[in-house]
Amino acid sequence: MALNLNQKKEVVAELAGVAASAHSLVAAEYLGLTVSQLTDLRKKARENGVFLKVAKNTLVSRAVENTDYAVIQDELTGPLLYAFSKEDPGAAGRLIKDFAKTADKLKPRLVSLGGQMYPGSHVDVLASLPTREQALAMLVGLIAQPATMLARVLAEPAASTARVINAVGQQKAA
Numbered sequence: 001m002a003l004n005l006n007q008k009k010e011v012v013a014e015l016a017g018v019a020a021s022a023h024s025l026v027a028a029e030y031l032g033l034t035v036s037q038l039t040d041l042r043k044k045a046r047e048n049g050v051f052l053k054v055a056k057n058t059l060v061s062r063a064v065e066n067t068d069y070a071v072i073q074d075e076l077t078g079p080l081l082y083a084f085s086k087e088d089p090g091a092a093g094r095l096i097k098d099f100a101k102t103a104d105k106l107k108p109r110l111v112s113l114g115g116q117m118y119p120g121s122h123v124d125v126l127a128s129l130p131t132r133e134q135a136l137a138m139l140v141g142l143i144a145q146p147a148t149m150l151a152r153v154l155a156e157p158a159a160s161t162a163r164v165i166n167a168v169g170q171q172k173a174a
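Just so we're aligned: 72 in the working numbering is position 72 of the sequence shown, and the numbers increase by one with no gaps anywhere.
None of these hints come from the bench; they were simulated from the model. Certain hints may be false.
As the list claims (entries may be wrong) - List time: in silico DSS-like cross-link candidates among lysine-lysine, alpha-carbon distance up to 30 Å: (1) K8 x K86; (2) K105 x K53; (3) K43 x K105; (4) K56 x K86; (5) K107 x K44; (6) K9 x K44; (7) K53 x K86; (8) K97 x K107; (9) K105 x K44; (10) K44 x K86; (11) K44 x K8; (12) K101 x K43; (13) K56 x K44; (14) K105 x K172; (15) K56 x K8; (16) K43 x K9; (17) K43 x K56; (18) K105 x K56; (19) K97 x K86.
Since we're looking at a predicted model, the values are computed, not measured.
Let the sequences and hints guide you as you build the complete structure.
In structure tokens, the structure reads:
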């Protein structure tokens, strides 16, 4: 069903709002997916904080005009599905990568992150980005590691002395 001018403006405004606050974008070819597969993909997208939209390329091109995703405008050809990561930069990449394992018709076409455009093969790189919780855990580990090492170094002379005394005591007892 064709959209009238007001509906097109609404779609552009919605996409522009999402693109302005999104962390990353994955555009994928979806031709050949069944309705039930697309429904399942949309459900998983909602669960993972990913905005998923099938829209005309001209509307998407207008929506991303003044955002970091303007670099993709020349590559928008053919039927594409757009996945914007709203909370976690790697969420859209993980969603598309995981879903493509079960649905071979879904093919990542391009990835955009930080004002740069990458080919669809970079969806693996995007999917491997840590989640916010994982990144915080890694940061805490990096901060705690020097303190742990310092405690070990400071405790070592006392432990060495205790081992020497214990060894001398065992030799005298024997």
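Checked hints:
For the suggested pair K8 and K86, the alpha carbons sit about 22 Å apart, so the restraint of at most 30 Å is met. For the suggested pair K105 and K53, the alpha carbons sit about 17 Å apart, so the restraint of at most 30 Å is met. The suggested pairing of K43 with K105 holds, with an alpha-carbon distance near 18 Å, which does not exceed 30 Å. At most 30 Å may separate the alpha-carbon atoms for a hinted pair to count; K56 and K86 meet this at roughly 21 Å.
Straight-line distance between C-alpha atoms of K107 and K44 comes to about 17 Å, which keeps the hinted pair within the 30 Å bound. Straight-line distance between C-alpha atoms of K9 and K44 comes to about 27 Å, which keeps the hinted pair within the 30 Å bound. For a cut-off of 30 Å, the pair hint linking K53 to K86 stands: about 13 Å separates their Cα positions. In summary, the hint linking K97 to K107 is supported, as the alpha carbons are separated by about 9 Å, within the 30 Å threshold.
This hinted pair checks out: K105 and K44 have alpha carbons roughly 17 Å apart, not beyond 30 Å. Using a Cα cut-off of 30 Å, the hinted pair K44 and K86 holds, with the two alpha carbons roughly 14 Å apart. Taking the CA atoms of K44 and K8, the gap is about 26 Å. The hint holds against a cut of 30 Å. Proposed proximity of K101 and K43 is supported: the alpha carbons are some 17 Å apart, at most 30 Å.
For the proposed pair K56 and K44, the alpha carbon gap of about 22 Å is at most 30 Å, so the pair holds. The suggested pairing of K105 with K172 is violated, with an alpha-carbon distance near 78 Å, which exceeds 30 Å. A hinted pair counts as satisfied when its Cα atoms are at most 30 Å apart, and K56 with K8 qualifies at roughly 9 Å. This hinted pair checks out: K43 and K9 have alpha carbons roughly 26 Å apart, not beyond 30 Å.
Taken as a hint, the K43 and K56 pair is honoured in the structure, with Cα atoms around 21 Å apart against an allowance of 30 Å. With a C-alpha separation of about 19 Å, the suggested pair K105 and K56 falls inside the 30 Å cut-off, and the hint holds. Between K97 and K86, the direct Cα distance comes to roughly 17 Å. Compliance with the 30 Å bound is thereby established for this hinted pair.
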